Every structure is written in C-alpha cells, then in structure tokens.
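Join the two chains into one complex using the hints; note that each chain is given alone, in its own frame.
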Amino acid sequence: MAITKETEISKIEVVGQYKHIQVKTDIVIKEDDKEIGRTAHRVAYTPGTVNEISGAYEETDLSSEHAEVQAIANTAWTDAVKTAWQNKVTS
Amino acid sequence: MSYIGRQNLGGAYRQLDDISSGFDGSDTTHTMQVNSQNVTVGDVNQIILSLGGVIQKPGTDFTVSGSTLTFTTAPASGLSFFAILLGSDNGGTVTPTDLSVSTSKIAANAVTGAKLASDIAITTSGDVSFDGGSFVFNESSADKDFRIETNGNSSMFFVDGGNDAVIFNGGTSNFASGSQVVQIYNSGLSLTSGYGIQGGANADRASINLTSGSDGHVKFNVNNSEVARFTSGGLAIGGTGSANTLDDYEEGTWTPSGNNLGVATEHKAIYRKIGDIVVVYCDITYNSSPADTAQATALSGLPFTCNDDYFQQNTRVATRNQNIRANISGTTVSFTDVADGVIMTRSEFAGNRAQHLFIYTTA
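Line by line, the protein sequences are chains A and H. The numbering used here puts the first residue of the first sequence at 320, with every later residue one more than the last. The numbering used here puts the first residue of the second sequence at 2, with every later residue one more than the last.
Chain H with its partners taken away, still in its complex shape (with noise of 0.2 Å):
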C-alpha cells in the first residue's frame, strides 16, 4: 500500500525511560534518559508525551532545554508516563538508525579529519584515486615515514621522515645493517654532505654523492670506496688534482693538406683529443706533381696546434722502403729519411699512398 502524505524518515524512534516515580506533584523539571543515557532533542515537537494517559501539547504543557524536560504543571505522585521521541529533518537533532545513513545525506565538504577515525584501512576492491589539489603528506614535517607496498616487498618505496631518505626496496635507512636497497637521501646518513643515490648493502654498496657547497662535485662510489668522481674540471680518477683529472674528450675528422705537394685522395683523416694527448691519423695519396727533387712534403691543417716539437717514426709511404721521422711543430709536419736526414723530395712521395700517425700534446 503506497503512502500518502509526507513520507516516514529515517532516525530513531526511541522511548524515553520512564520518570514517573519522581513525580511528587511539586518538581517541574525531570531529566531526559533512554536506556539511562541523557538524551537531546532539537525540539519540542519531537516529543509526544502522555501523562496519566493524555497527551500533553509540546510547548505549552512542557518543554525541553537540553536532556531537562520542564512541566508546566509538577506532575502529581502516581500519575502514569510514557514518551516517545520522534526522528525529524525539518530541524532539531535526530540520532539517525544504525547504519542508514546514506552518502546523499552527507552535505558535501561536511566530512573533516577530525570526524575521521584514527586509524583508517580502505579494504574495498575498488580503486582509490585523488584528483584534488595538492596532496601533502606529513604537512605538519613531522618525524612521519611513509611507505608503499608490492606483492612481496612491504617497503617498496619508503619515506624515512626522521632522515630525510627516500628509500627504494627496503625499509631501513641503516645502510649498516640493511638490505639490497636503494636510497635517495639528505646528509647524515651513511656518506657525510649532500644528496646521494646509495644502493647495496654493507661494504658493498655503491653509491653517487652529489656533494654541496663549495666541493659540489659528483662522486662515484664502489664497494664502499670512491673511485672516481666528477669535478669542475672534469672527471678525476685515483685522486681530486689536476694529475688525475681528464678534463677534455673529443673525437673528430681533419682536412690533410700540403702547401706544395698537396693531397690528391683523402681515404680518411681522424683525430682523437684525450685531455691534452692528440692522436691524429691520416690515410690519403699524395699528388702525382711536382715529383722533383724539392724537399717540400710537408702536411700542414693538423686539427690541434702542437705546443712542442715532436718526433716520431709512424709513417709509411707506398713504395719507399725509407725510415721516415715526422716533425711535429705548430700545426705542420715534415718529414726527414732517418738514414741520411735529408728532407724527403716530391718525388718521393708524389702518387703515392701513406699512411701517418702522429701523437703530440696541445695547448
């Protein structure tokens, strides 16, 4: 049968304890108790009350402030009792059924922390996602950690409050004692300045320190050990000085040229600058003329300057049987045939492939 009129609403439809054995027929006021716990209303309307079996009009035969129920008249010793408190949404305070609260009851923004138990697990299948504003965990910076499971690994992913550290793989920022783990971390932890990428356990790890302030270097660390790190002046292998340090690499390709003589084919021409050590290497054919007897073979666009005379014995010329030293000076090379030093002619080398080698330092 359908209802007509306005419908019932949730809330507890409670009976009042019955105060009668304090009716004396001079005290007005009485308090409120179901099951002897005080109880509120927020109005008097809430309440239908019987005394002696007739109904008493709210407001005008009694009224409520609180769990205090005033009489208009002190009911007289004997008289019967009974009180029914009505659940209502159109005002007043209603202690709503055991679970029937529903989420469209709830007015939005109305859930704070504070209504919140203190301890919150959320164990349904569902997901739980935030699309809110900024999530800030432990706004108070507080010694808080933080941690995220896998299957399998209860600290997949941990966030040490009191050190500072993120911690990947393991929960413990003791590097000492702890695990195969990866830590992101502030200072004070196993290296002594900065911020560092730590991984491994014990004597064994490994880790990258980026160092602050005026060091601000980037040092590598094996087995527990530095055994490289980077610097301003570039990358210091067995000690921090400028003996250790590589500051330059660089690898590219070279024109070879003779101001006399000249190139005809350049088969390949490449350098390769470690610090301040040049490599340069070169395959080409010389020109076919002038094939006099001019000593003028000179190789000259050498892609560093030498900053002093080299010589060295790395060259060989298709169809001389010759020991030919190069000197390396400025940013040319000749060449001298070691059994009688004399420079060697155009003829000599004209039409003819070689190959040359030459290694020397740059400013």
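So that you can see chain A by itself, here it is in the shape it has in the complex (with noise of 0.2 Å):
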C-alpha cells in the first residue's frame, strides 16, 4: 500500500485591470495509484510590490514558477499593467 502526493494546476486566472495572477493547484494523494483525497491550494501574483525596507519598488520573480504561470505574466503582464500597478501600490 503506496500513499503519493501529487500536486497539478487545476485552474489559472487573470483577474482586474491590474491582471492580477491566480494560480489554484490541487494536490491529489493517491493510495495505490487511486484517488484517495484532493484539496485546493491557492497563490495570487500581482505584478510588483514595494520592499518594506528599501520602499523600492520590485517587479515579481516567477523565475521559480511553473511554465504556465510564466508564460501567462508575459503576456497579461505589458508594461503599460505594470506600470499602472506600481502607480497604485507606490502613490
């Protein structure tokens, strides 16, 4: 009897004007390769937020994000999103 954990994005949206970035995964535990349990795990990615210590403003890395989630900022997030967004958080 194997108990696995898998995780898999279930759902990837872009929300406001600002294309905030909401990535829902599901993690799937398996006993013996069938489904046994799967909940919901959520993250939100906006594209900038201001350092509490420096008050400078950095773009959000998703360096170590899956694929999807990158692929998605690249496109929602332009410059003019960007842009708007850090006006918001920085004024």
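Some clues are possibly wrong.
To be verified - Interface residues of chain A toward chain H, partial, derived using beta-carbon atoms under 7 Å:
1) S329
2) H360
3) R361
4) V362
These are computed hints drawn from the structure, not numbers from a lab. Keep in mind the model is a prediction, meaning the values are calculated, not measured. Beta carbons are placed, not taken as given, at the ideal position from N, Cα and C, and that holds for glycine.
Following this line, the structure appears as structure tokens:
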C-alpha cells in the first residue's frame, strides 16, 4: 500500500485591471495510484511589490514558478499594466 | 394393443347433416352442414359418403367446393345418405377437437396479434419474460396509459399517455387533486414549461423543474413556490438577478510567507471563497530573526488578490499586548499598531506565534 501526493495546476486566472494572476493547484492524495483525497491550494501574484525596508518597487520574480504561470505573466503583464500597478502601490 | 400403421391424428370426425330430403333425381348440388352450420373440407378425400348404403368414390362420384357437395349423378328421391368428415393433417382444413392443439402443433411465429383476444389476462403462476428486440408500448402514439401495480398500490408506476407524464405512486397527473405522488412530466401540467420531477400534493407539493429554451434553469419549488434555482450564473436564491446569485464557492489552503521576516512554521492556513468574498485564516510562527526594528512584517501569498484596500483588526500575536490593524492590499498584508499608527517591527513579531483572519473581496 503506497500513499503518494501529487500536485497539478487546475486553474490559472487573470483577474482585474492590474492582471493579477491567481493559481489554483490541486493536491491529490493517492493510495496505490487510486485517488483517495483532493484539496485545493491557492496563491496569487501581482506584477510587483514595494520593499518594506528599502521602499523600492520590485517586480515580482516568477522564475521559480511553473512555466505556465510564467507564460501567462509574460502575456498579461504588459508594460502598461506593470506601470499602472506600480503607480497604484507607490502613490 | 399397439396401433399398426399411421397413427390416428387429432381432429373432428363429424357426421354431415342428412341431406337426403333434398334428393329428387335432378339436383346434383347440396350444401354440407354440421348441426345446421356450413362446413368445408380442404380435400374431397376427407369425406366418406354413402348413398343408399353404397360407399361413393370421392372425386369420381362426388366433388366438393367450399361447402358445396356436388354429385356426378343426382341422387334419386328416397335414397339414404350419410357422410363423415375426417380429420387429417395431410392437406386440407381440419377443425381440431376442443383443447386438442398443443404448442408443438403451432408453427413458430405463426400467432399474430390479430389472433389474440382484445382482452388478455395472463394468470399463470409462472414468470412472463421478454428477451427479444425492442418492446414498444403504444407504438401508435395514441392516448394510452400504462401502469404497474404493487402490493397495495394500483398505480405504483403510471405512464399518463394523454399528459406525457410518468407518475410514481399515483394514477393521476392532476396534482391539484392528486395524492402523494412523484411525477416526471412534460410541460402542461402543474408547471408551465420543460420537464420536472414533482412530489407531494396540492399546496404542499415540491418539485424540481427543468426548464427549456433560453431560460434553461433548474428550479426548486417548495410548497408550490420557487425557493431557488440554478442558472448559468450560479445558484440564485431570493431572486434571479446577479445580486441574488452565488456564482462560486471554493475552499482550500494557502501558504503565508513574508519577504523580510518570513514564516518559520505554518500551523494552519486555510481559505473559503463564497461568491467574491474571501475569508482567509492562518496560524503561523514567525521566524525568530532578524529581530530588529525594521518595519518589515508584511505577509504575502494570499490565495486571491484583493480588489480594494481593507483594514481589519483580527490579528493576535503572542506576547504582544497591542491592537494590531491589518491592511490588506493586492496579495499582501501589512500590520500597524493602532495606538500609535506605526508599522509593526520585526522585533515585535519575530519568534511569535500569530493568528490572522482576513476578509476581503476579490475580482
């Protein structure tokens, strides 16, 4: 009897005028390759954040995220979108 | 004693009615009758006929056509007559003896619907099974009902041909006067369109109505009034507009993190999304260092982005006797001491266990 845990991206959403990216990942628990449980895990990304210490605006680094997320960010986060978001959080 | 030769075959061996009264020496044709009813034979050789005590040769001395017996020579008046019709299976028509036809004597596929009585009741104790092709009841699409009885219920399953309804536990499709029944039906009965499943009686009836066309909703009715429906937009309660429609529900986990102080242990981090309202909770222990005075205690990693700025005071940090206000914006949360309006420092959070509850809306 082998218990395994797998993760799979089930949904990627681009929401709002600032094109925030919301990623839903399903965590699948299997016993002998038969699914016995599934839960959702969520994370959301904005184009950038303000560093609390330096006060500098830093673009979000998605290099360690899933390739699908990176691809969508490259499309959705245009210069105009990134500028608009930066203006919002730094104003 | 055993029988030598061909076995006797079943059938009627009947004596023709006496026709000798019609003998006049000129009339050759006479009608064959048994008990005053016309009879026929398929073959002339099925008749043994005697005139004046002399057996006549079939086909030579007489012939038959239908129920007409024709003598070659007209019998003279006063001649005696008798004739026997013989049963046979080698040609010709035979009238079998009552209750003498067994199943094996009937050819396969020979019994057609036209040969069945208009009312048939199968009352044998054995089972009746069907293992052929399709079984179609009311193939002519007429207003014909179909029902199955159970022990104590004469209409446990009832197909109402006139109203295009299938009814369980009741023989009527009129719910205004019906008893406790469950009904699957087309439009035109108690609901106005589409199909549905309906149970109960009178004003207490409940139903699920599957509407058709552009409406295309699933409606739930309780006590004969709609209480909710599913539309393409979600679950509508109390109305059918977007303001009354719950379009999403989701629950799951998230991973709180901090860019500057960070989380050492995540004890619990869950979320519930109901429509566009997001309720987020986490129970975490912050890293113990750096424990300096930098105002860098923000959390990130919210499961849904916040579409506005929300300020809430649902935070407890162990060892801190402060009223802490959380500012939720985007996907991050920063914390401020309500008393002095100063952003919390890492030294105030470092190494402490904290519980946070955030409620906000998302796009």
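Practice item. Compare the structure with the hints numbered earlier in the document and write down the numbers of the violated ones, lowest to highest. Key: 1
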